[in-house]
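Engineer: In the order they appear, the protein sequences are chains V and A. Using this note's numbering, the letters of the first sequence map in sequence onto residues 1 to 116. Using this note's numbering, the letters of the second sequence map in sequence onto residues 1 to 114.
Rather than coming from a laboratory, the hints here were simulated on the basis of the structure. Idealized CB from N, CA, C, for every residue including glycine. Among the hints, erroneous ones may be present.
[What the hints assert, rightly or not] Selected chain A positions facing chain V (Cβ under 8 Å, derived; list incomplete):
# : residue
1 : Y48
2 : F105
3 : G106
[To be verified] Pulled a few chain V residues facing chain A out of the computed Cβ check, cut under 10 Å:
#  : residue
4  : Q6
5  : L8
6  : G40
7  : A41
8  : Q44
9  : Y48
10 : C89
11 : K103
12 : I105
13 : L108
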Amino acid sequence: GEDVEQSLFLSVREGDSSVINCTYTDSSSTYLYWYKQEPGAGLQLLTYIFSNMDMKQDQRLTVLLNKKDKHLSLRIADTQTGDSAIYFCAENSLAFNAGNNRKLIWGLGTSLAVNP
Amino acid sequence: DTGVSQDPRHKITKRGQNVTFRCDPISEHNRLYWYRQTLGQGPEFLTYFQNEAQLEKSRLLSDRFSAERPKGSFSTLEIQRTEQGDSAMYLCASSLSGEGTEAFFGQGTRLTVV
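Looking at chain V on its own, in the form it has when it is part of the complex:
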């Protein structure tokens, strides 16, 4: 089946690193995404990784992908209070699709609280 799982809450101190974890089930997913949602706002793509990559770094963000375990993580270095938001993991899944149409399957989101 199609399922993306994340822990629901994470609390860190300002300046520390945050690590948000995600597991997914569709091994045919070719891209995995991290989106950020601030209160009352739409979803913002933070970063994505192609499934044949192990790691992607983009400024303070590091994405690690373990395709064997279907595990994805997002590390935010030097976490700031402005990073407080809900972070969603998503995979572009072929599951239950006819043909080659993919759709994004989302986790429930991890609520990150950054304490000063």
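With chain V fixed as given, assemble chain A onto it according to the hints.
Structural biologist: Only chain A this time, still in chain V's reference frame:
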């Protein structure tokens, strides 16, 4: 281009009424998606269009829901005979076709059915 815009931002309606939401995607994007998000949940896929063709509809989309994209540009999502369970944030996204292309989301329309 100011990104994906949705209208209205908020809608309060009485149970049993019909509502229609509009989404204007980024102009060069040929794909348009509708998602629904309830509190504490991730977005749930509802349907998507490539140009004016509706290519997939979720099993979540009951007969009371209909979406159109008549000219391959803006899209409308109509909910007939609204129920309290329809209360949610309705999100629209657009992208170019092709794998790995970024989907840009609008701010969403928050529907409250009373």
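Engineer: Of all the hints given earlier, name the ones this structure violates by number, lowest first.
Structural biologist: Violated: none.
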